[in-house]
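Number of protein chains: 2
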Amino acid sequence: MKQTKITLEEHEIPERWYNVVADMPNKPLPPLNPATHEPIGPEALAPLFPMALIEQEVSEERWIPIPEQVREIYTQWRPTPMFRAYGLEKALDTPAHIYYKYEGVSPAGSHKPNTAVAQAFYNKEEGVKRISSETGAGQWGSALSYACQLFGLGCEVYMVRISYDQKPYRKLMMNTWGADVIPSPSETTEAGRKILAADPESPGSLGIAISEAVERAVTDPDTKYALGSVLNHVLTHQTVVGQEAITQMEKAGELPDVVIAPFGGGSNFAGLSFPFLRMNFTEGKTIRCLAVEPTSCPKLTRGVFRYDFGDAIGMTPLLPMYTLGHDFVPAKIHAGGLRYHGAGALVSQLLHDNLIEAEAVDQIESFEAGVLFARNEGIIPAPEANHAIASAIREANRAKEEGTKRVILFNLCGHGHFDMSAYEAYFSGKLERHELSQQDIDTAISKIDTPEIPETAA
Amino acid sequence: MKQTKITLEEHEIPERWYNVVADMPNKPLPPLNPATHEPIGPEALAPLFPMALIEQEVSEERWIPIPEQVREIYTQWRPTPMFRAYGLEKALDTPAHIYYKYEGVSPAGSHKPNTAVAQAFYNKEEGVKRISSETGAGQWGSALSYACQLFGLGCEVYMVRISYDQKPYRKLMMNTWGADVIPSPSETTEAGRKILAADPESPGSLGIAISEAVERAVTDPDTKYALGSVLNHVLTHQTVVGQEAITQMEKAGELPDVVIAPFGGGSNFAGLSFPFLRMNFTEGKTIRCLAVEPTSCPKLTRGVFRYDFGDAIGMTPLLPMYTLGHDFVPAKIHAGGLRYHGAGALVSQLLHDNLIEAEAVDQIESFEAGVLFARNEGIIPAPEANHAIASAIREANRAKEEGTKRVILFNLCGHGHFDMSAYEAYFSGKLERHELSQQDIDTAISKIDTPEIPETAA
Chain W
32 MKQTKITLEE
42 HEIPERWYNV
52 VADMPNKPLP
62 PLNPATHEPI
72 GPEALAPLFP
82 MALIEQEVSE
92 ERWIPIPEQV
102 REIYTQWRPT
112 PMFRAYGLEK
122 ALDTPAHIYY
132 KYEGVSPAGS
142 HKPNTAVAQA
152 FYNKEEGVKR
162 ISSETGAGQW
172 GSALSYACQL
182 FGLGCEVYMV
192 RISYDQKPYR
202 KLMMNTWGAD
212 VIPSPSETTE
222 AGRKILAADP
232 ESPGSLGIAI
242 SEAVERAVTD
252 PDTKYALGSV
262 LNHVLTHQTV
272 VGQEAITQME
282 KAGELPDVVI
292 APFGGGSNFA
302 GLSFPFLRMN
312 FTEGKTIRCL
322 AVEPTSCPKL
332 TRGVFRYDFG
342 DAIGMTPLLP
352 MYTLGHDFVP
362 AKIHAGGLRY
372 HGAGALVSQL
382 LHDNLIEAEA
392 VDQIESFEAG
402 VLFARNEGII
412 PAPEANHAIA
422 SAIREANRAK
432 EEGTKRVILF
442 NLCGHGHFDM
452 SAYEAYFSGK
462 LERHELSQQD
472 IDTAISKIDT
482 PEIPETAA
Chain X
32 MKQTKITLEE
42 HEIPERWYNV
52 VADMPNKPLP
62 PLNPATHEPI
72 GPEALAPLFP
82 MALIEQEVSE
92 ERWIPIPEQV
102 REIYTQWRPT
112 PMFRAYGLEK
122 ALDTPAHIYY
132 KYEGVSPAGS
142 HKPNTAVAQA
152 FYNKEEGVKR
162 ISSETGAGQW
172 GSALSYACQL
182 FGLGCEVYMV
192 RISYDQKPYR
202 KLMMNTWGAD
212 VIPSPSETTE
222 AGRKILAADP
232 ESPGSLGIAI
242 SEAVERAVTD
252 PDTKYALGSV
262 LNHVLTHQTV
272 VGQEAITQME
282 KAGELPDVVI
292 APFGGGSNFA
302 GLSFPFLRMN
312 FTEGKTIRCL
322 AVEPTSCPKL
332 TRGVFRYDFG
342 DAIGMTPLLP
352 MYTLGHDFVP
362 AKIHAGGLRY
372 HGAGALVSQL
382 LHDNLIEAEA
392 VDQIESFEAG
402 VLFARNEGII
412 PAPEANHAIA
422 SAIREANRAK
432 EEGTKRVILF
442 NLCGHGHFDM
452 SAYEAYFSGK
462 LERHELSQQD
472 IDTAISKIDT
482 PEIPETAA
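Line by line, the protein sequences are chains W and X. Mapping the first sequence onto the numbering used here, position 418 (from 1) lands on 449, and the numbers just tick up by one. Mapping the second sequence onto the numbering used here, position 79 (from 1) lands on 110, and the numbers just tick up by one.
Next up, chain W with everything else stripped away, as it sits in the complex (with noise of 0.2 Å):
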């Protein structure tokens, strides 16, 4: 029988997540503080989050233990599986071996709870009673409210209003779960109020709802906030993924040549490419890690390396990160999850140095790609996967050409059974290609006016 599916046995889920840091050549940059412009310590992100990710935030250690606790909620899904997409190299008539790591499986559906479940379990630790967060598409807010219903914690989500309006089974799973599920401009925060005081009918953004998630943390001691992405402490919670898909390249006895996974913020990408740059730092593998970002936000591709806020508006601390600004507004693409402005720190470092690459697809590409494999693979992908099986395919063809085996994984992060109207647009011809022109870029860029990364250290 063809082996398609490499599984593993639950004693095979890590132990540990593997934190990038220690291994980098050059560390990523301090956060600075947005008055002073001073590098800020853990104390000034206590507000915002139990000091256990703090500690996470800024540590230097390799190995981070997994708490039993969160290890034996994780047992629901993981081990996650890994196939050979036999299918698909069929059909591309490819002399290359791919294989996809499979994180659709968990009950939210997508890679988010692996944070998610370890982000609640330490608020949970310190005594924490409610989260809040913010969410766009919903997949973030739903892998949230999982993870908060399983630790007894309450859960605040403010949801974009117009995802709330348009999208509504996304809130509709984060309420089975429990969840208060907020539309944002709300008037429960200063924030919101404000922006609903200028404009009643505002639709709301990503940036207006980390505000009020971040000032519902800040002005209620019992509630502590939580981020999907970007920061460091989440980019290595996602590393169980990368970690057990080594374990399955064992088993299937092959390297990847190149590792590919889409690009929001940066969690996507960490969890399945850090361990794998782990053996190139100290096992002198020459592994490609790909990130692949959409053609309308290519903070990787098109922007500058420098300071910049995590949020639209301008509340968080400094980050030393790729962006476009942080008051860049994408288009409104259908991969929810990769319009972010910016990249984590730890991935803008690496990509400055050269240690990782990234490219950027057109989302018509990123559909063209997923249906090709919904429909020779039978998994339909989250619109943001199919940004990673866009770059497969390309990577396939050249493989064709050259007439070279070559050896490619990437990370299937996510279903799309709740983002099929995203396919109604594409199968009816209603997709935009979205290709910024150069003057898009340098408008962009040149609006930002916060800190420039030091010359000594870029």
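Note that these hints are calculated values from the structure, not bench results. Source: prediction; values computed, not measured. Relax, there's no trap hidden among the hints.
The list treats identical chains as interchangeable, and a pair is accepted whether it falls inside one copy or across any two copies.
Cross-link-like lysine to aspartate or glutamate pairs, in silico, EDC-like; alpha carbons within 20 Å at most:
hint, residue 1, residue 2
1, LYS33, GLU103
2, LYS316, GLU281
3, LYS33, ASP124
4, LYS36, GLU99
Starting from the known structure of chain W, fit chain X onto it as the hints suggest.
What follows is chain X alone, placed relative to chain W:
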């Protein structure tokens, strides 16, 4: 670490299907020709099904080998996991041990691909080019679309027009897998044109859709028909579920006292329970097998055992079944898969012989159960599955009242990702209770004019 998930390895996927007919004390009565009321032979089914499936339909062999290629495709999602429902047990404060088998991990999100893949395989083997079928809510249609795509078969799905209009996402799922989805009634068939001539605004029905799909198969030599439940071979294909479950219960070191599954036409229930029934028949066990139907469509608990048509219009052979009458129109509950007027011949005979049990659950009780489950187990169930959960909770509460341990196993046959509007109706208090009066039942049954079961057999 607490063992919540019981997994199997790939080699533990069953190598054969279990055919309960071999062990039934009373074999099911043969189908009748509706014109002559004489038993029909296999040849009468030849225009509809490939010969291999017709042979399975009438087989009395205990074990039917699963073709290697079908098992290979099963590996994409099988063996499916079983879980001990520690969270639900705790919420119910019950001494019962509750287990569930989770079939929602398949690409189409339910147990339906277990038979769809097998049916597509045998059609392909016999040179069929295209399969036609009907679908209501869309679970069966999407499973068949997925399976046909894998074998390069065309797939035409007649989808009840009101579902086609109201539930576009299942339709899009089928399109993504390359199927043609036709709103029924349609202009593509005689049956459809006749209905449209009488009522151009007809919302359609499952009965009309079946008629259209059957007509396509009968009139096109390259097209065969496929059914997702009711028939013997369909039920037999589903027994991979129960066979895996037995191995998993052995690993958990327990034997269920009661095995529970939702009941539409019988495939869900048969899949889980028939292999356990075999233990009753051949190993002297006394495992209760409980079929759960909606109170709005109570053929097992309030219907009559007699010959009736499989479709609403009366095109199929007459089958021996518990039925409410082939033109009974159940209330529009959200568990679309359970809105069928009759029960398959195998299950009907077993119920008639008191070898299995049945009970009915109202949809409000079913959604209360489903939400309790989602909040404590993390998976959002399909509305059909909620019926089994409700009965499992009843059993667990009874165990608590009696102060006895009870081992309960139910089939979580699918996820609810495409049914969130049903949860919305539940949360907003818009779900209706459907209890049929005795008069409703009497009226339905009094309209049945098909032959009675012969006294000697009944």
